[in-house]
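Visitor: Here is what each chain is made of, one letter per residue.
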Amino acid sequence: NAGVTQTPKFQVLKTGQSMTLQCAQDMNHEYMSWYRQDPGMGLRLIHYSVGAGITDQGEVPNGYNVSRSTTEDFPLRLLSAAPSQTSVYFCASTAYNEQFFGPGTRLTVL
Amino acid sequence: DAKTTQPPSMDCAEGRAANLPCNHSTISGNEYVYWYRQIHSQGPQYIIHGLKNNETNEMASLIITEDRKSSTLILPHATLRDTAVYYCIVPPGAGNNRKLIWGLGTSLAVNP
Numbered sequence: 001n002a003g004v005t006q007t008p009k010f011q012v013l014k015t016g017q018s019m020t021l022q023c024a025q026d027m028n029h030e031y032m033s034w035y036r037q038d039p040g041m042g043l044r045l046i047h048y049s050v051g052a053g054i055t056d057q058g059e060v061p062n063g064y065n066v067s068r069s070t071t072e073d074f075p076l077r078l079l080s081a082a083p084s085q086t087s088v089y090f091c092a093s094t095a096y097n098e099q100f101f102g103p104g105t106r107l108t109v110l
Numbered sequence: 001d002a003k004t005t006q007p008p009s010m011d012c013a014e015g016r017a018a019n020l021p022c023n024h025s026t027i028s029g030n031e032y033v034y035w036y037r038q039i040h041s042q043g044p045q046y047i048i049h050g051l052k053n054n055e056t057n058e059m060a061s062l063i064i065t066e067d068r069k070s071s072t073l074i075l076p077h078a079t080l081r082d083t084a085v086y087y088c089i090v091p092p093g094a095g096n097n098r099k100l101i102w103g104l105g106t107s108l109a110v111n112p
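Order-wise, the sequence lines are chains A and B.
First residue of the first sequence: 1, per this note's numbering; consecutive thereafter.
First residue of the second sequence: 1, per this note's numbering; consecutive thereafter.
Incorrect hints may appear among the rest.
Part of the chain A face toward chain B, derived, beta carbon under 8 Å [to be verified]: (1) Gly42; (2) Thr94; (3) Gln99; (4) Gly104.
One side only, chain B facing chain A, incomplete, derived with CB under 10 Å [to be verified]: (5) Pro44; (6) Tyr46; (7) Arg98; (8) Gly105.
Quick caveat, the hints were computed from the structure, so don't treat them as lab data.
All C-beta atoms, glycine included, are put in the ideal place defined by N, C-alpha and C.
Same shape as in the complex, but just chain B:
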């Protein structure tokens, strides 16, 4: 499994962009990068995933470096409701979203 490394915590001002980094230097060529978040005590929520191209949806953007060894999740205009733990996960095998290995993630605090 590709191991991921994330900072344990980050702060962001409300209304500013939140940029959450993730290192996955052992990622294989066919493995995807997934991002989930967990708002306090709730079940995790899917945010976005990508293989090599940058991806954007209504929640966030995902920027993957050309060598695919790291990625950044961008919340363009963070709100207080974005305060959560954000998990970067690289499941084994191509397109395998089933067996996720969850680390400790990054605890993002959005401050007023």
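Just chain A, with the same shape it has in the complex:
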């Protein structure tokens, strides 16, 4: 049981490039979410999904797209990277009373 996995662990992009952050869980949870965490701040919700085929926006969705074709996978796509998107990104999978977090992806946009 791997829990929540995220790839890559680190990524450096140039402004304007696009990329996809991968997230997968093997706990068969319906609810998954993406957060970003900037230095000295709490986590902020980007997008979430209540099940395959259903996604919705969180607090800071601009510049990001998500899709949920399977229960296991919930990728986050940066359309055109900007320096303001430099952050640590966490994916989470939620049981009724507990969120399970992945190890995070550290993204730097130059």
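Given the coordinates of chain A, assemble chain B onto it according to the supplied hints.
Guide: Positioned in the frame of chain A, the structure of chain B alone reads:
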């Protein structure tokens, strides 16, 4: 959403109990109190949650005051590995652990 207030930092000696306070004076009757922690650079980790009764698990105890306006997370025998940021969160609605609003938490330093 019920706002929570936590001290920004605390210290604790290794082997002693760490008592982390949280104020949530606007909490509604059906809203739970959740605690998570984040060890440096890692993803947050669930610790415990409760509604009105005191709760205990293998990681910690949660004491909620009778008026539910504040709570205390207790790590009974803190170790160096308990050094982390601890978040007290009250999500909106009954039993809703999905849309968590994360504040800055309390940075706990456990000292040898």
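Visitor: Would you mind marking each hint as holding or not holding in the structure?
Guide: Consistency of the hints with the structure:
1. Gly42: This interface hint holds because 3 Å falls under the 8 Å limit.
2. Thr94: Constraint on Thr94 of chain A satisfied, holds at 6 Å.
3. Gln99: holds, 6 Å
4. Gly104: It holds, given that the least Cβ distance between Gly104 of chain A and chain B is near 6 Å, below 8 Å.
5. Pro44: holds, 5 Å
6. Tyr46: Constraint on Tyr46 of chain B satisfied, holds at 4 Å.
7. Arg98: Cβ of Arg98 of chain B sits 6 Å from chain A, so the hint holds.
8. Gly105: With a minimum Cβ separation of about 7 Å from chain A (threshold 10 Å), the hint on Gly105 of chain B holds.
Checked against the numbered hints above, the structure violates none of them.
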